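Peer 1: So you can see what is in the structure, the chains are spelled out below.
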Amino acid sequence: MGKIVFAGAMSHVLDPEYYQAACGDVGRQKVVAAMDAIASMGDRFVETKAEGLIVVADDHMNAFSFNCVPAFCVRIGRTVQRMVQDSAEAFDKVLEHMPEEYPLHEALGNSILEQGLQNGFDLALSWEAPVDHAFLSPVNTMLGKRPIPPLVPIFVNAFIAPQPTARRCFQFGQHIARVVAKSPWKVGMLATGGLSHFPELLLGRVGETDTVFDRKLVRWMETGEHEPLLDLSADELHKTGSHEFLNWMVLLGAITPARADVRYFGELPRINLAAVEWSLR
Amino acid sequence: MEPPVSRYAINSLLYHLKKDPDLRARFIKDPRTAIADADLTDAERAAFVAGDMRKINELGGYLHLVMSIPKIGTHGGH
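Protein chains in written order, with my numbering: chain X, 1 to 281; chain Y, 1 to 78.
Quick caveat, the hints were computed from the structure, so don't treat them as lab data.
This one's a predicted model, so the numbers in the text were calculated from it and none came from an experiment.
Positions of the beta carbon are idealized from the N, C-alpha and C atoms, including for glycine.
A couple of the hints might just be wrong.
Label pairs and their computed distance ranges (CB to CB) [unchecked claim]:
hint, chain 1, residue 1, chain 2, residue 2, range
1, Y, G51, X, T211, 27 to 35 Å
2, X, R215, Y, D52, 29 to 37 Å
3, X, E100, Y, D22, 19 to 27 Å
4, Y, T41, X, Q174, 37 to 45 Å
5, X, R215, Y, T41, 21 to 29 Å
6, Y, D30, X, E225, 28 to 36 Å
7, Y, S12, X, K216, 35 to 43 Å
8, X, K145, Y, Y8, 37 to 45 Å
9, Y, Y8, X, P16, 35 to 43 Å
So here's chain Y without its partners, still in its complex pose:
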């Protein structure tokens, strides 16, 4: 089975969290409010609010973004 076509909304948000320091600061302070306008499913929104990068990745979040968003990303072990 081929890899699925990439999921847009979740990755767009990850990209802007990486590249927009103001959004990132608002997200760190109050994640639910910061992403209120994002077009996310309930599961995606819950994962962002919980800061659960593994779940975000499993839901289609691009690995290199998940690993490299300053102060939010997780670098993975090994």
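Bound-form chain X, shown alone:
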């Protein structure tokens, strides 16, 4: 019988140069502290001997153009490539030092997809979508030079309205947990993004966060009170800059009612950096 043996969530632009440019010395200091905490999470992940790693994250209009934006998409196949951007700037530049290709856990990805379609989740699939910093920055930071296990990248449409609801994301996570439980594998799971940044996705509000909202989310995760999170609205997530918390909602559905341990929380003007790990028994 399979099991989710590790669960973590974290911010997904993990790069000292990016935060040095955006926030100065304090930005560098805080992201380095967050990255150290995430690397320590990697130590515990390795100890679990997980045979696969599900990564739930959002696309930044790199994999999917406006010809199709799936609410949920399972990246299937045998390998996945990192996104390539000529003359990359800002968060895209974070990818440049990372490996270009990663193995996929084909059987687990197929199981999540096939059983999803059989059980009311009309999931999209892709054999070609590349993955951007939202997937690879956390994975590479957490594991460093250690082997990266076969991945199952799962895209959530966190940004392009209308997005899936928080409740639906949670339900999808519950589906993933059922699939893993029926499988023979020990599986790790990551959700990435956030916390609060870029409220209303307005350039004029870059540099604002909603720390009160974030601390409320964190408190609910620490106490395992997931019910209030199900009612988070698109409007709340949009106004507070918490769009990417939808990725976290998928993970929460998979491990509920486990309680979170906050490994790092650091406020910056641009974003609240966070790294959280769940106690799974």
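Fit chain Y to the given chain X structure using the hints.
Peer 2: Frame of chain X; chain Y shown alone:
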């Protein structure tokens, strides 16, 4: 109020400016000619021609594209 359904034409153009280096080069050289065939409103077209990313974003341009188009995007402060 829920966020509005995303605006297609302006974002399609932003996406292609990011992913198509030839279009981007033509845009940098002569923005009005480069986007002549794009299905934009007058306000959107004026914002592109002026290179006013804040205005493009306010008109519905997706923030992460506005921030990450090489040589054209603006990264925002803080």
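Peer 1: Now tell me, hint by hint, if it's right for this structure.
Peer 2: These are the hints, each one checked on the structure:
A hinted range of 27 to 35 Å holds for the C-beta pair G51 (chain Y) and T211 (chain X), which are about 34 Å apart. For the hinted restraint 29 to 37 Å between R215 (chain X) and D52 (chain Y), the CB-CB distance of approximately 36 Å keeps it satisfied. The supplied range of 19 to 27 Å is met by E100 (chain X) and D22 (chain Y), whose beta-carbon atoms lie about 23 Å from each other. The given range of 37 to 45 Å is respected by T41 (chain Y) and Q174 (chain X), whose C-beta atoms sit roughly 43 Å from each other.
For the pair R215 (chain X) and T41 (chain Y), the supplied restraint of 21 to 29 Å is violated, since their beta-carbon distance comes to about 41 Å. One distance hint, 28 to 36 Å for the beta-carbon pair D30 (chain Y) and E225 (chain X), is violated here, with the actual separation near 57 Å. Checking the proposed 35 to 43 Å range against S12 (chain Y) and K216 (chain X) shows it holds: the Cβ atoms sit about 37 Å from each other. Look at K145 (chain X) against Y8 (chain Y): about 43 Å separates their beta carbons, and that is inside 37 to 45 Å.
Between Y8 (chain Y) and P16 (chain X) the Cβ separation comes to about 37 Å, which falls inside the hinted range of 35 to 43 Å.
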